[in-house]
Each structure stands twice: as structure tokens, then as C-alpha cells.
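Asks: Between the sequences and the hints, there should be enough to build the whole structure, so can you do that?
Residue numbers (this note's numbering), protein chains in the order written: chain A, -8 to 316; chain B, 17 to 337.
Treat the hints with care, as some may be off.
[Said to hold, decoys possible] In silico negatives: residues of chain B with every beta carbon more than 12 Å from chain A:
| # | residue |
| --- | --- |
| 1 | 51 |
| 2 | 54 |
| 3 | 84 |
| 4 | 89 |
| 5 | 108 |
| 6 | 122 |
| 7 | 170 |
| 8 | 186 |
| 9 | 221 |
| 10 | 240 |
| 11 | 241 |
| 12 | 293 |
| 13 | 295 |
| 14 | 319 |
[Claimed, not checked] Here are a few chain B residues that face chain A, going by a calculated C-beta distance under 7 Å:
| # | residue |
| --- | --- |
| 15 | 70 |
| 16 | 72 |
| 17 | 75 |
| 18 | 175 |
| 19 | 176 |
| 20 | 182 |
| 21 | 272 |
| 22 | 286 |
| 23 | 298 |
| 24 | 305 |
| 25 | 308 |
| 26 | 312 |
| 27 | 316 |
It is worth saying that the hints were derived from the structure and are not from the lab.
Don't be surprised by glycine CBs; every beta carbon is placed ideally from N, CA and C.
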Amino acid sequence: MHKYIIRRLLLTVVVVLGVTLLTFLSIHLAGDPTLFYISERASKEERLAARARLGFDRPLPEQYISFLVNLARGDTGNSLQHRVPAFDVVMERMPATLELTFGAFLVSTVVAFPIGVLAAMRRGTMIDGTLMLGAILGQSMPSFWLGLMFILFFGVTLRWMPVSGHVAFIKPMLEGDAGQALANLPEAIRYLLMPMVAVSVYSISRNSRLIRSAVLEVLRQDYVVTARAKGLNERTVMVRHAIRNALIPIVTVLALQFAFLLNGVIVVETVFSWPGVGRLIFDAVNQRDVPLVMTAVVLLSFLFVGANLVADLMYGFLDPRIRLE
Amino acid sequence: MSARQEHGPKPSESRVPALDAQLDALYQPQSFTRRAVASMLQARYPVAALLFLTLIALCAAFAPQLAPKDPNRIEIFDTLKPPLTYDRDGELEYVLGTDSTGRDVLSRVIYGARISFFVGLAAVGLGGGIGTILGLTAGYLGGRTDDVIMRLADIQLAYPFILFAIMILTILGEGVLNLVLVLGIGQWVTYARIARAETLVQREREFVEAVRALGATEWRIMFRTILPNILTPLIVIASFNVAGVILSEASLSFLGLGVPESVPTWGAMLANSRNQLLSGSWWLAIFPGLAIMITVVSLNILGDWLRDFLDPRLRGSGQGL
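Replies: Printed below as a string of C-alpha cells:
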């Protein structure tokens, strides 16, 4: 087990290295980043001086290696646009993105579960049909369009909800100010609600379909028949025998869902002017802010790979028959 | 009569004519098309989906003939007209209204179908092609090749797609082909994984052994013997994937990363609608979104049906949707 975790962590490092290399190469292939940080009329000497000052005059392999070495020391370099450490710039925005992602993750899991189980238990009935038709519809709407519809309906027409903005919750928490965080909570949720639901509708639909088929699969098994035959009530059969075993495939898919959610989050952030990393990365790439892009990509891919690792470990935990080696 | 003979001797001749008729029906060999049509009619939803898709595909193909106006024609005196606006002669002029520069929404929605369809099909073709070849190669050759290809897949999976798209499209610049390239590359992993898994199963089968014994080249075994046998799940995935790619294309266009402003796309129309929402110009946000939704729902329903029809085994495997 420990061996497995260590091997997985090493693999994680390889994967994140691959991601950084890919990012590094593509941003440099796009032309000299120096040009974004000097005036158009700069002379050749000025350009060369600026390039040396920003460190872009060194050979690419050297730049890449020095980025990695500094990263290992916890130094991400200064953002070229903001002139402060790139790590700080990303972390300033990360909490808002995490609030949205975790919120959507929570909602999509909690809501999808009863839908999927109910549809499986009432297989072939009207309830099942309606729920699954709803799920197909939910999977067919772009999250950003849902966001726009929410703004139009709940924000503009009914005036129930704020159409943009953000109240911080995770950030005061990280700063150790739990009192402030709790005081912010009601407002934070109010601002979070529309973007969170917009992001999660796709996942709710997808998850509920998967949960339905996972439960159906299990309900066919002999041990469920046995459980029913020995006279257990339906509730016990479902909870103790069916759902518990259906959890294994479900958990894997849920963790992989994280990646999907993050994609949606970055788009929906634009709809609601959410102060997350989405817009930040967009601007950073446009401005060829190399340190900032690299830092953001490293942090996000760790988040990604981390979620997948958790899924794998949960797998072994939920089903002791699976030995991770 | 001859059809029955092809399928072996007639089943038991019972004395019950009704049963005989039923058995006969069971033994009636049916063509693939006929079975497909029957299964589709029975499921009902796919018929509607197919009708909608045909309609939208026709819009895409005949946009210049169908669109009432030039989609890029700016009418500064007709900005933000609501749907069902009549002109002075009492003729219906703007069925779905106009946007903030007076462009006809209906014409833009019709033209928008072109990009969505083209990008959806082309990107799935590209990604599916690359993924299938790589997956087949990895599964068949194994060893070092397999390791390299699958690690590449891991890296791709760890790279949030949207970041990848932002990076590449910012660098390559806007354009339909760049969009196809990025979306295509974004899809290959799914196909590679399935193709690899299926190849691992198929390459151990006897007919592969037989073909090899006959002296076929590795190349021939891979592409003529194994490939046709792993295609079904890949086709099913591709049918869902077109829907997913159309959604992604809309997201990228919404972020302003897709095609030049002069090409009308549903996603870009929605991006422009955002600033008009607060003033209540609902039609700008509703119609392009509905177009996306109807297209994608239809593709998803058709994909569901195709999966059940071609390969019921895939049901619940988590693939596709």
C-alpha cells in the first residue's frame, strides 16, 4: 500500500513535469515574450537589455531547468505584470475558484445521489423516465448559457439574486480569521448560488445517470437476491447491500469529475465576473506572463492529479478486495 | 423461402399455426437497416432527435439560401429590436429580433449551425483517428511504445482542457482549423484508452492467430484484422463526443477564443448577449442557447440509442456521457 502511494506520487511528479514542459514550450513557441514588456519603438539595444533583465536571453533548456530548480525551492519568480511573486498572485485568486469548484462538486454529488438511486429503484416507471430525460437535457446545456439564463431570470427579471460579485469565505479561513469567515458565510452562499448551480447541472445529470446504472448493475447480483430472499426489508437491501457496492465505480467517476468541473468553472467565472483564476490565466497567457502562467498551471495540475489519486485510494478503501500495488 | 434455408433448417413444425407464424417471424433474417429503423421507431425519441438534426444540418448546408438576411449586415437604425418586429409595410422583418448592432438574430443562428456542425464532426474525426491509431498501436505492440503513449495520455488528462485550449488558441490565433486542432487533440485520450483496452482483448483471439499463421504483416493484422473488430465501441463514443465537442466549441467561442468575429457562432452570440442582459434583451441570450441545446440533446439521444442498438454492453460503463 505504501509502495503504491509512493509510486503514484512519483508518477504524479512525472505527469506534472510533462504538463509544465508542454506549457513552457508552447508559450515560448509563440514568439519572444520580451516584446510584451517593452515599447514598440524600443531600439535593438533596449530590447536586448530587457530580454536579459527578464532572463529570456538564456537558452530555453536552461530557463526551464532554472524554473524547476526554483520551484523546488518554493520560488516561482515574480509575475511580469504584477511585479510580485507569481505564487502570491495565483493564491490571491485561487480561493474563489476553489469555493466554486468544491461547491459545485458537493452539489453535484449530493443532488445526483438520490436521483440516481431513485431512478434505479423505480426502473422503467414514469419517475425513472422523467428523471433520465431531465438528465439528458441537463447534459445538453452549456453551463455558461445556464448562467446567463439565471442572470436573466433570477437576477434581472425577479431581482432575487445578485448578478455578479463575490464574498470571500475560504480566504479569511486561510488567514486564520474563522470568525470573519463564518460572518461572511450567508452572503458568500448567496453570491455563490447561481454560478455554483450553473456549473453543477451538467455534473448532476451525468452523475445521476452513472449512479443509476451502477446501482442497477449491483441489483442484478446474486447477493442482492439472497438478501431479499432471506427477508431483509427493501431499505436494508438497498443501503447495506446495493448502494454500498455500487459506491466503488461511483467514487472513481466522481473524482474524475473534478477535472470536468474545473473546466466549467473557468468559463462560468467569466459569466459572473467571479474573481477566480480563470480570467487570471487568460490574461496571463495573453500577456505572455511566463512565471504566472507556469505557476498557475503547476498548481492546477497538482489539484487535478491529487483528486485522481484520492479516487484511487478510496477505491482500495471501499473495496478491500482491490489490493493496490 | 431461400432466406430461411440460409439460416439452417426450419424449427420444429408445431401444430399450432399461431406459434408457427411467430417462429417464422423470429427466423426472418432482417437487414441491418431494417433492424435499425425498427429499433428507432420503437424507442420514439431518436426519431424526433434525427428529425431535429436533419433540420439543423439543412440549416448549416443551405444557410445562404435559408437566412432571411446577411448575418453580418449592420443596421444602425434597427438595433436591439425584439423578436417579431414588423417593418413599416406590415411585413415580418426580424423574426428573432436584432442584436446591439442591428444584425438579424435568426440569420446568425442559422449560420451558426455551420461552425458547430463542421467543428463537431471534424474535431471528432481528428481526435478519434489519432486516438484509435495510438491506442491500437499501444495495445498491439505493448512494451515501451505502450508506456510512452499511455504516459502521454496521463499528461493530457492532467492538463485541464480549458487551460490547454487557452494556451494553444492564444498562441496559434483564431481560426476554424485551429479550433478543430485543439478540440481534436483534446479528445484523443478517450479513444486511445478504449482502442487499447479492446485491442488487448482482440489480439489474443484465435482469428488473429490464424491470420498471423497465414503470414500477414503486423501492419495488416493491426489495421485489417483487429481494427474492424474494435470499431463498435469507438463509434458509439464518437456519437456522444460530437455533442461534447459542440458544447466545448461553444464555450471557447464564448470566451472569445474561437473564430474571427465575422463568423457567426452560437457561443460568440451568447458572449455578446451578456452585456445586453441587464437591459432586458432576453432574445439575444435565449435563441442561440436553445439552438445549442436542441442540437446537443438530439445528438445525446441519438447516441444513447446507437449505444443500445450497437453495443448494449457499454451501457453504464461510464463511457460517452
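Asks: Just double-check residue 108 of chain B for me: nearest Cβ-Cβ distance to chain A has to come out over 12 Å.
Replies: Holds, because the least Cβ-Cβ distance between residue 108 of chain B and chain A comes to about 25 Å, which exceeds 12 Å.
Asks: Was residue 51 of chain B rightly flagged as not at the interface, with every chain A Cβ beyond 12 Å?
Replies: holds, 23 Å
Asks: Since residue 319 of chain B was said not to touch the interface, does its Cβ keep a gap of more than 12 Å from each Cβ of chain A?
Replies: Not fine: 10 Å to the nearest Cβ puts residue 319 of chain B too close to chain A.
Asks: Hint validation: residue 75 of chain B versus chain A, beta carbon distance must be below 7 Å. Holds or violated?
Replies: violated, 18 Å
Asks: Closer than 7 Å between Cβ atoms is the bar; does residue 72 of chain B clear it against chain A? Give me holds or violated.
Replies: At 13 Å from the nearest chain A Cβ, residue 72 of chain B fails the 7 Å test, so the hint is violated.
Asks: For the hint on residue 298 of chain B, just tell me whether its beta-carbon gets within less than 7 Å of chain A.
Replies: With a closest approach of 6 Å, the residue 298 of chain B hint holds.
Asks: Minimum Cβ separation between residue 84 of chain B and chain A greater than 12 Å?
Replies: holds, 24 Å
Asks: Return the status of the interface hint for residue 316 of chain B: holds when the least beta-carbon distance to chain A is below 7 Å, violated otherwise.
Replies: holds, 5 Å
Asks: Does the claim that residue 241 of chain B lies off the interface hold, with its Cβ farther than 12 Å from every Cβ of chain A?
Replies: holds, 32 Å
Asks: Since residue 54 of chain B was said not to touch the interface, does its Cβ keep a gap of more than 12 Å from each Cβ of chain A?
Replies: Answer for residue 54 of chain B: holds, closest chain A Cβ roughly 20 Å.
Asks: Is the claim that residue 293 of chain B lies outside the interface with chain A correct, judged by CB distances over 12 Å?
Replies: Its Cβ does come within 12 Å of chain A, the nearest being 6 Å, so this is violated.
Asks: Find the nearest Cβ of chain A to the Cβ of residue 89 of chain B and say whether that gap is larger than 12 Å.
Replies: Answer for residue 89 of chain B: holds, closest chain A Cβ roughly 25 Å.
Hint violations for this structure: numbers 7, 8, 12, 13, 14, 15, 16, 17 and 21, all remaining hints satisfied.
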